[in-house]
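K.L.:
Chain residues, written in single-letter form:
2 protein chains.
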Amino acid sequence: MKIGLLGFGVVGRGVYEITAARDDMQVVKVLCLEDIQLPDAEVVHDFQSILNDESIDTVVEAMGGLHPAYDFVRAALEAGKNIVTSNKALVATFYDDLLPLAESKGLAFRCTAAVGGGIGWLSELERVRRVETVSMVGGIMNGTCNYILDSMTRLGLDYGEALSQAQALGYAERNPSTDVDGIDTWHKLILSSNIAFGVSLERDGVPAAGISKISAADVANFAEHGYVCKLVSHGTQCDGVYSAFVQPTLYAQGALEAAVPTNFNLITLDGEVSGRQSFYGQGAGRYPTAYNVVQDCVSLLSGKGFYCPYGKKVTVDNSCTRRYYVRGASDAWIQSVAAENWNGAVVTGPVAVSEMHAWLKNNPDAFIAAIAE
Amino acid sequence: MKIGLLGFGVVGRGVYEITAARDDMQVVKVLCLEDIQLPDAEVVHDFQSILNDESIDTVVEAMGGLHPAYDFVRAALEAGKNIVTSNKALVATFYDDLLPLAESKGLAFRCTAAVGGGIGWLSELERVRRVETVSMVGGIMNGTCNYILDSMTRLGLDYGEALSQAQALGYAERNPSTDVDGIDTWHKLILSSNIAFGVSLERDGVPAAGISKISAADVANFAEHGYVCKLVSHGTQCDGVYSAFVQPTLYAQGALEAAVPTNFNLITLDGEVSGRQSFYGQGAGRYPTAYNVVQDCVSLLSGKGFYCPYGKKVTVDNSCTRRYYVRGASDAWIQSVAAENWNGAVVTGPVAVSEMHAWLKNNPDAFIAAIAE
Numbered sequence: 000m001k002i003g004l005l006g007f008g009v010v011g012r013g014v015y016e017i018t019a020a021r022d023d024m025q026v027v028k029v030l031c032l033e034d035i036q037l038p039d040a041e042v043v044h045d046f047q048s049i050l051n052d053e054s055i056d057t058v059v060e061a062m063g064g065l066h067p068a069y070d071f072v073r074a075a076l077e078a079g080k081n082i083v084t085s086n087k088a089l090v091a092t093f094y095d096d097l098l099p100l101a102e103s104k105g106l107a108f109r110c111t112a113a114v115g116g117g118i119g120w121l122s123e124l125e126r127v128r129r130v131e132t133v134s135m136v137g138g139i140m141n142g143t144c145n146y147i148l149d150s151m152t153r154l155g156l157d158y159g160e161a162l163s164q165a166q167a168l169g170y171a172e173r174n175p176s177t178d179v180d181g182i183d184t185w186h187k188l189i190l191s192s193n194i195a196f197g198v199s200l201e202r203d204g205v206p207a208a209g210i211s212k213i214s215a216a217d218v219a220n221f222a223e224h225g226y227v228c229k230l231v232s233h234g235t236q237c238d239g240v241y242s243a244f245v246q247p248t249l250y251a252q253g254a255l256e257a258a259v260p261t262n263f264n265l266i267t268l269d270g271e272v273s274g275r276q277s278f279y280g281q282g283a284g285r286y287p288t289a290y291n292v293v294q295d296c297v298s299l300l301s302g303k304g305f306y307c308p309y310g311k312k313v314t315v316d317n318s319c320t321r322r323y324y325v326r327g328a329s330d331a332w333i334q335s336v337a338a339e340n341w342n343g344a345v346v347t348g349p350v351a352v353s354e355m356h357a358w359l360k361n362n363p364d365a366f367i368a369a370i371a372e
Numbered sequence: 000m001k002i003g004l005l006g007f008g009v010v011g012r013g014v015y016e017i018t019a020a021r022d023d024m025q026v027v028k029v030l031c032l033e034d035i036q037l038p039d040a041e042v043v044h045d046f047q048s049i050l051n052d053e054s055i056d057t058v059v060e061a062m063g064g065l066h067p068a069y070d071f072v073r074a075a076l077e078a079g080k081n082i083v084t085s086n087k088a089l090v091a092t093f094y095d096d097l098l099p100l101a102e103s104k105g106l107a108f109r110c111t112a113a114v115g116g117g118i119g120w121l122s123e124l125e126r127v128r129r130v131e132t133v134s135m136v137g138g139i140m141n142g143t144c145n146y147i148l149d150s151m152t153r154l155g156l157d158y159g160e161a162l163s164q165a166q167a168l169g170y171a172e173r174n175p176s177t178d179v180d181g182i183d184t185w186h187k188l189i190l191s192s193n194i195a196f197g198v199s200l201e202r203d204g205v206p207a208a209g210i211s212k213i214s215a216a217d218v219a220n221f222a223e224h225g226y227v228c229k230l231v232s233h234g235t236q237c238d239g240v241y242s243a244f245v246q247p248t249l250y251a252q253g254a255l256e257a258a259v260p261t262n263f264n265l266i267t268l269d270g271e272v273s274g275r276q277s278f279y280g281q282g283a284g285r286y287p288t289a290y291n292v293v294q295d296c297v298s299l300l301s302g303k304g305f306y307c308p309y310g311k312k313v314t315v316d317n318s319c320t321r322r323y324y325v326r327g328a329s330d331a332w333i334q335s336v337a338a339e340n341w342n343g344a345v346v347t348g349p350v351a352v353s354e355m356h357a358w359l360k361n362n363p364d365a366f367i368a369a370i371a372e
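If you read the protein sequences in the order shown, they are chains W and F.
Last residue of the first sequence? That's 372 in numbering that gives the first Met the number 0, and every number before it is there in order.
Last residue of the second sequence? That's 372 in numbering that gives the first Met the number 0, and every number before it is there in order.
Treat the hints with care, as some may be off.
One copy or two, it doesn't matter: identical chains are merged, so the pair holds either way.
With a cut-off of at most 30 Å between alpha-carbon atoms, the simulated DSSO-like pairs for lysine-lysine come out as follows [claimed, not checked]:
1) Lys212 x Lys104
2) Lys212 x Lys311
3) Lys312 x Lys212
4) Lys212 x Lys1
5) Lys311 x Lys1
6) Lys312 x Lys1
7) Lys360 x Lys104
8) Lys303 x Lys1
9) Lys360 x Lys1
10) Lys212 x Lys303
11) Lys104 x Lys303
Keep in mind that the hints were calculated from the coordinates and are not lab data.
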């Protein structure tokens, strides 16, 4: 396998290092804007040099962002090159464009590192689908949020302190919105649901609530009631009805999710015959992420394409209900669904997930958290 | 694929049911001593009928026990048939006989359901080995013991009550020794280490301490000191030195292992580049176990044989140290290594694992538990 590697940042460099020791694949060109020299690959500044190189059969995209990543990936597919990427935003956003294109061209398109970093989650979904149907996917998919929430829970930090610490350690970006507003988890949920259920979720119907409004007082409130807060994704299929959402979720102390420390991920599926399975590991970082990029290259060599056939577009129905902790805003509707009072915060009775997220859109200063069933 | 199925108990019936819905494989004969009729397969009472059936390319062994399972599996390999089994005792015990035979014949031999039941643990080790080396394997591999210990921890039951409850629910055998004395976990550890490290561990050097001497007072003692007890396997390789043992182990409350409920398993590996990964799921039961038997059949169809090349025989060196909780026996040696007193029980300073297990052999009424690092 001759690889053209797009990007030489955190992940790209890891891919280069891991593949350097292998006989079955070789990074022959690296697209990188900086002037660097590499012992085993040519550094190029122009994507055309990779696109037009007929010896390159596989493009590994490790640049991140939507553009020009999308344009390069699309052009590479058009030129008959297989794609491996760790870019969840790219795949979730252009799913309906890139996947049918790869399928029609008979090319491989893999993105295992895009969800779960070092966890082989998407590959495991591919394996599960060989034998059974999956009714639920979801879990803790963002290490940054888990680090912040875990620091608040175990060390009693306030949100700002925990975020600063995560930024100092390189776990959070200077502008943390993609992580803390749940957008990264949202991309990962859409991708996981699409593959697990063999569909293409209508993305507009998938809401995401984030953690940026959580306070130390909320976390203390949860602890007093025996709960730990995590940012969690949840996707289900049942008799052709699809549900999907991202939201802070309260787990009983002692639950598996509650025990996930620092920046780790824990992703779960419910299989028809295998039952519940969870996968725990490093959700990000150079080597864990590069590891699954290289795993995808090995899978590609063994003839694997995408994880499932491209499936039909489906709408999302979030009429399922949850009880919610709501703090920071109230109105007649919240009062009408209130069931308990936790130190001034409302805990509702069962409320439709779609209704609560619609309310949150109009009350952006509120913090909400569902109570896990 | 034409399957000859040996045994029609819990697992065998599950395999029959799951494969019945598939086009790519068919159970054509079932070896079963009872007089039953099946819509899609011939029931035979004599193994020769399967052995001599040239249309059968794959034998699925779901009988359990060492004999005649071993004799049937060996004869099937000699006759050129692939093997899929969920029998951990069989594979661990006859590893040095069956694996080289399968390898020399170019036949597939798979046993994913033998460790972790519904968890694709051994398949995951196979995948991991494509890209990196593994330095540690282990974890909670026996659902019966986890059920007993979890009931003692969460419900405050005594050992006898918890065992009776596990027996009533079908989680424990009438004679529970294989589970509670750690023998089942020992087989699974040997198999996992052999595959993860690509060796064949000298089994005599792998000690197992069980849970049958644990008392409600021990569990209360652990809780008072912030710990939860689990039966755990542990295998490592480092610079050609191999360590492997099974023992009750104390985890801090809040640790992932401490949160594993009822009869679930949690199995962990440390990868050179992927870091720590853990796998959680149903470690036993008809459908989870049959699920991975069928997964093995699918893997076999895609050309997969065993998980790793058969490796060289290696001795085990358990000179690594742990701190131990010791209750129920004492002597000059225990006094010499004692560091703390927990309500009358000794907690030692760091002691070689091999030394502690040697001492336990001479003090079979004692209960020991290592403190997780």
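K.L.:
Now tell me if each hint is right for this structure.
P.N.:
Hint check results:
For a Cα distance limit of 30 Å, the shortest separation of Lys212 from Lys104 qualifies neither inside one copy, at 46 Å, nor across copies, at 63 Å. Taking the shortest Cα distances, Lys212 and Lys311 never come within 30 Å of each other, neither inside one copy (36 Å) nor across copies (57 Å). When the C-alpha separation of Lys312 and Lys212 is checked against a cutoff of 30 Å, the pair qualifies neither within a copy, at 33 Å, nor between copies, at 58 Å. For the homomeric pair Lys212 and Lys1, neither the shortest alpha-carbon distance inside one copy (47 Å) nor that between copies (59 Å) is at most 30 Å.
Taking the shortest alpha-carbon separations for Lys311 and Lys1, neither the intra-copy value of 33 Å nor the inter-copy value of 34 Å comes in at or below 30 Å. For the homomeric pair Lys312 and Lys1, neither the shortest alpha-carbon distance inside one copy (34 Å) nor that between copies (37 Å) is at most 30 Å. For a Cα distance limit of 30 Å, the shortest separation of Lys360 from Lys104 qualifies neither inside one copy, at 41 Å, nor across copies, at 65 Å. Proximity of Lys303 to Lys1 under the C-alpha cut-off of 30 Å is found in both arrangements, the shortest distances being 17 Å within a copy and 25 Å between copies.
Taking the shortest alpha-carbon separations for Lys360 and Lys1, neither the intra-copy value of 48 Å nor the inter-copy value of 57 Å comes in at or below 30 Å. Within a single copy, Lys212 and Lys303 get their C-alpha atoms no closer than 43 Å, and across copies no closer than 50 Å, so neither meets the 30 Å cut-off. Proximity of Lys104 and Lys303 under a CA criterion of 30 Å is satisfied in both settings, with 14 Å inside one chain copy and 27 Å between copies.
When each numbered hint is compared with the structure, violations occur for hints 1, 2, 3, 4, 5, 6, 7, 9 and 10.
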